[in-house]
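Visitor: Can you make the complete structure from the sequences, with help from the hints?
As given, the protein sequences belong to chains A and B, one line each in that order. Take 1 as the starting number for the first sequence in my numbering and just add one per residue. Take 115 as the starting number for the second sequence in my numbering and just add one per residue.
Because the hints were derived from the structure by calculation, they are not lab data. It is possible that part of the hints are untrue.
[Claimed, not checked] When the alpha-carbon atoms are kept at most 30 Å apart in a straight line, the in silico DSS-like pairs for lysine-lysine are as follows:
#, chain 1, residue 1, chain 2, residue 2
1, A, 71, A, 19
2, A, 41, B, 177
3, A, 9, B, 183
4, B, 183, A, 44
Bear in mind the structure is a predicted one, so any value in this text is a computation, not a measurement.
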Amino acid sequence: DTAVSQTPKYLVTQMGNDKSIKCEQNLGHDTMYWYKQDSKKFLKIMFSYNNKELIINETVPNRFSPKSPDKAHLNLHINSLELGDSAVYFCASSQGYQVGPRTYFGPGTRLTVT
Amino acid sequence: EDQVTQSPEALRLQEGESSSLNCSYTVSGLRGLFWYRQDPGKGPEFLFTLYSAGEEKEKERLKATLTKKESFLHITAPKPEDSATYLCAVTTGNQFYFGTGTSLTVIP
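Guide: Given below as structure tokens:
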């Protein structure tokens, strides 16, 4: 009965490769997010989708492209991976977004670029 | 510039030793402040939402308070299972900012 799930949990890859992280929520929420947490534990929002529509798109390289096939899924594709992309990526969801409602986070995907 | 700062970075307490964690913020038009708990290798877990100065929320040994400039998370008689990183986040409605967290260790 996992609320927000993401795969894979660990991802080790080489510079220059393209990789994807998948996320699914079964809470019936209309908003989904991608967050990046760096080595200093700083959590920063990358993207937010509300009803499959891009709402927030922070200053993130174009190599990162989110895709939302439906309200329950938000995948993150990363092209031409760089060393600095190494971090933990969290998917999250909430019902509504404008007042920062209670957000449910997935378990994270630890990406290591070598 | 909108900013969220948490202190201390790390805190070690003896079991039963009460203390407080601080979250200071400078944002234009605060719409809400949130506290999350994060265990190693897991995603943040929601604890509280505070919307206006003077508001307080409690859950077991935790109590969150909010003023116009900061929020405190008070931990009363902590237990080892309270050990985790506690994250503060604020929203202006359109933007959402996290602090860097306080790593709490409670020693038996």
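Visitor: Confirm or reject each hint.
Guide: Cross-check of the supplied hints:
1. At most 30 Å may separate the alpha-carbon atoms for a hinted pair to count; residue 71 of chain A and residue 19 of chain A meet this at roughly 22 Å.
2. As the CA atoms of residue 41 of chain A and residue 177 of chain B are separated by approximately 23 Å, the hinted pair is consistent with the 30 Å bound.
3. With a C-alpha separation of about 37 Å, the suggested pairing of residue 9 of chain A with residue 183 of chain B is violated against the 30 Å cut-off.
4. Our distance criterion of 30 Å between C-alpha atoms is met by residue 183 of chain B and residue 44 of chain A, whose separation comes to about 21 Å.
Hint compliance for this structure: hint 3 alone is broken.
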